[in-house]
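*Asks:* Chain by chain, the residues:
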Amino acid sequence: MILAALVRKEWLEIVRDPITLGVAIFLPLILLFVFGYGISLDVEDVRLGVYDQDRTQASERLVEAFTASGYFRVTRRFPSLDEAAQALDRGRVTVALVIPPDFSRLLAADRTAPVQLLVDGTFSPTALIVSNYATAIVNTHSMALAERRLETLGLRMPGRVSVASRVWYNAPMRSVNYIVPGLFAVLLMAFPPMLTALAIVREKERGTIEQIYVSPVSAPLYILGKVLPYAAIAFVEMLLILTVGTFWFQVPLQGSLALLLGASLLYVLATVGIGVFVSTITRTQVGAVFLSLVVTLMPSFLFSGFLFPISTMPYMMQLYTYVFPARYFNDISRDLFLKGVGIEYIWWNVLLLVLYAAVIFIAASLRLKKKVA
Amino acid sequence: MTFPGDPNAAPFVSPRPQPGAAPAVAIRGLARSFRGAAALRGIDLEIRKGELFAIIGPDGSGKTTLIQSICAILDPSAGRVTVLGWDSVAGAARITSTIGYMSQAYSLYGDLTVAENLEFFAAVRGVSAELLAERRDKLLRFSGLAPFLTRATKALSGGMQKKLALCCSLVHEPELLVLDEPTLGVDPLSRRELWRMLAEHHASGKTIVLATSFMDEAARADRVAMLSAGLILACAPPAEFGDDLEAAFKAKLRAAPSLPSVALPARPSEGAAIEVANLVKTFGKFTAVDSVSFSVRCGEVFGLLGPNGSGKSTTIRILCGILPPTAGVVRVAGINVAVSPEAARGRIGYMSQKFSLYFDLTVEENIRFFAGAYGLEGQDMEERVRWALGLAGLAGERHALVRRLSGALRQRLALACAVLHRPAVLFLDEPTSGVDPVTRASFWRSIAAIARAGTAVLVTTHYLREAEGCDRVAFISRGRLLALDAPARIRARHGGASLEDAFVRLMEAAA
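As you go down the protein sequences, you meet chains A and B in turn. Heads up, the first sequence is in the working numbering, so the first residue is 1 and it goes up one at a time. Heads up, the second sequence is in the working numbering, so the first residue is 1 and it goes up one at a time.
I should point out that these hints are in silico values taken from the structure, not numbers from a laboratory. Incorrect hints may appear among the rest.
[Said to hold, decoys possible] What follows is a list of derived Cβ distance ranges for each label pair: (1) Trp248(A) <-> Ile322(B): 42 to 50 Å; (2) Gly262(A) <-> Arg404(B): 48 to 56 Å; (3) Thr122(A) <-> Ile322(B): 50 to 58 Å.
Backbone N, C-alpha and C define an ideal beta-carbon position, used for all residues, glycine too.
Make a model of the complete structure from these sequences and hints.
*Replies:* What follows is the structure, encoded as C-alpha cells:
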C-alpha cells in the first residue's frame, strides 16, 4: 500500500520531467550509435609507405602482394629513409616497407633477401595485428617464389604443415559483434545509477526527505520505492538498445532471449542499487554526480572487460573488477550473443548478480538512517 | 499581546491536563552538538498533552535542532527525549510514524498536483480512501485550496504551498503536530488562514509544538519557551512575559550591539530617487502590475507591502532594470531604467533574503570581491573596505569564513556589500525573513542610518510591525496600489488599528 504510493509518486515526478526521462532513454541510445560505429578493432585499409631502393620487377611484386591482400593500401613512396621515418612520426603511414638495393640480386643468386618493416606501435594491439599480417604476407610471397624457383629446376616443394584455422563464435570477425553486447553492460551501468542517485539526493537537497523521515515509511521501503521505477526505466533502456543492436547493427543473438532479458533485469536492479547506495553517502546533487562517475561510468568502461580484457590485467586489478557488476553482465551478454550457451554455462555470473543486488540493497538500507544528522 | 485584531481569535481554552496524564513530550538534559559545536546545551522541558507550545529564540539558538530532536530525526548527544511515551532513539520508528511534522524546508513534491500531494501523504500515513475523502473536504475548505486541486504545486504561491504542506501534515490528524517556522515568508492574510487551521486542530485536543520568529504567534500559545544559545532562558505562559512579548524577548536577550553609524553621504541625486508613473507589467494575459504610480524621495525609507504574488517582486525587478516594463515610466536616480538599465544599475544596491555572499570566502574577501565588481580600486578600495567592515561591525572578524558567521552577522555583511558603491537607491527584498526580533531591530537601525545619509531605501517585508519604521508604506495586492501613506496616517484612517489589521482589512475590501 505504502510502496504503491511511493512508486506512483516517483512515477508521476518522472513523467512530468520529460528532460530527465529523455536523457534516461536517449543518451544511451546515442552512445550506442557512437560506440557501435566508433570503436572498431578491425584492421583494414592500413596505410603503407614504401621505400623501394631496388626498383625492379621483383620488388614491385612484393609490394603488389601487400595490396592484393586487401589489408594494405600504398599511400606513399619514399625517396629516402629519412622521409619514411618522418612519415611514421607524423602518422601519415602506419607501416613503412623498406626494400634494400640488392633485393632482386640476392633473390636471383638464390640467397635470402631481407626486407624491413617499420610499424607504428603507439597503439600496441593494432600494431601487433598489422605486424602479423605483414609477416604472413611476406612469408606467403616468399614461399610462392621458392615454389616457382624449384619448378624451374624440375623439383617439387618438400612436405609442409598447413594450418586450417576457423574462428568460432564470431566467424566474420566483426568487432561490432562483441562491442555491442559489451556496450549493453556499459550503458546500463553508466546511466541508471546516476539517475537514481539524483532522485534521492534531490529530495535531500530540497528537504522533502525530512517529511519521509517523519512518517511510517521505513528505509528499505523508501529505497524500494525508488529502485522499482528506476529499474523499470533501465529495463526499457535495455529493450531499446537491444532492439537497435539486433536490427540496426545486425548483431545476431545466438542464445536465449528470455535468459538475456532475465539476466538484464537482475543487472539493472544491481546497478540501480549502486545509485541508491551512492545517494546514501552524498548530500548534494553535484556530489552524487561525481561519485557516480567514479564508481559507475568509469569502471563500466575500464573494468568490465568491454574493451580491455580482464585476464591481461595485473592480479590485484582483476580482483578489483569484481567490485563492479559490469564484468558479470559483460560475460553473460557476450556468452549469450556470441556463443549461444545455456544457463549451465553462465549460472555463476547470474548468481553473482543476484548476490550483488541483494548486498547493495541491504547496505543502502542500513546506510539510509532516518536522521537528518 | 494578542494576535492583532482577528475578530475570530477567541482566546484558546487549553484542555486542562488530567492529573497524572503522561506528557506529550518530555525532555531531560538534552544536549546536541555538531562536530564539536554545541547547538543545544542541556534542555529540560515538558510539554503537556493538548498544549499549544511555542519556541522562540534568535537565529542559531537551537530552535530547529530542538524541533528535529522532538521529531526523532536527530539523536541527542546527551540526555533523553520521550515523545508520546516512546524514547526518541529506541522508539524513533514509532514516533515518526505517529506524529505530524512540517519542516522549514520545502516539504512538497513540486511536480505533483495539490490533490496528488495530499493523496501521497495520506497513503504514506495509511489513511484510507474514505477517510481521506472526508478529511480532504474539510482541509481544502479551511485552506482555500479547493479551486487549485489539479494545479502543479510548484505553480502555487508561497502562502498556498505552506497551507498545502500543513494540510499534508494534518491529513492523519496526528496527536502531536510539530512545526518549524510554519509561517516563514508567508503574507499576513495566508498567515491568518494557517492559524485558523492550527486553531481548529488544536481545538480538537491535539498537541502542537511550533518554532516561530513571529512574536504575535508565540503570544497565542499556551506556553512559550525562549531559547538562546542552546539553553532555555524562560518558559511560561505568554501573559507572564507582560503585555509585549517582543519587548520582553529583547530585554531577556542581551541587546545586540548597535551598529556604529558610519554611513557615508550618498552621492547627491536630483529630485526624487524613484519615480514610477502608471507602471504596467503583463505576462501573457496575466497582469502582474496594474498601473502603479509612486515616488520615493532621497533619504526616505519606503515600504512595499503585499501578499505573496501581489506584484512586489515584479516591481522591484523592473526598478532594478532586470525586467522591462510593459507600459509606464520608471526613473531611478533620474535615469529611465527601461532606456538605460546599465547606467541605472551603477546607482542602485540590491539585497534579498538569499544573501548573495560567498560562504567559503572570508568577510574581507567578500567585501573586496564586491568592491572590485563595482570597479573600486587602489585607495578607494581600501577606504571602502574599512568603511564596510565598520558598517557591518565585523572589523574584528574580517578573516572569519562567512559560513562560520551567524545569520545575523551574515545579514549585516550582505547589507554592507550592497551599499559599498554608495548607491542612490537601495532595494531590500524581504531582508529580514526568518530573522529574530533582536537582530531585526538592529538591522532596521542600520537601514535608518543609511537613509539618513541620503540613500533612498525601498524595502519589502511580511513583518508589518517593523514596517512601521518606514517613512511611508504602499500596500499592493493583485498588482494594484491599495493605499500609500505614512504608517501612522494609515492606522489613523482605520481607527487606530495596527498596520497588520489595516492591511488585512484593505485586502479583504479589495477581494
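*Asks:* Now, for every hint given, state plainly whether the structure supports it.
*Replies:* Consistency of the hints with the structure:
1. Trp248(A) <-> Ile322(B): 42 to 50 Å: 49 Å Cβ-Cβ, so the 42 to 50 Å window holds.
2. Gly262(A) <-> Arg404(B): 48 to 56 Å: Holds: the Cβ-Cβ distance is about 55 Å, inside 48 to 56 Å.
3. Thr122(A) <-> Ile322(B): 50 to 58 Å: Once the Cβ atoms are compared, 54 Å apart, the range 50 to 58 Å for Ile322(B) and Thr122(A) holds.
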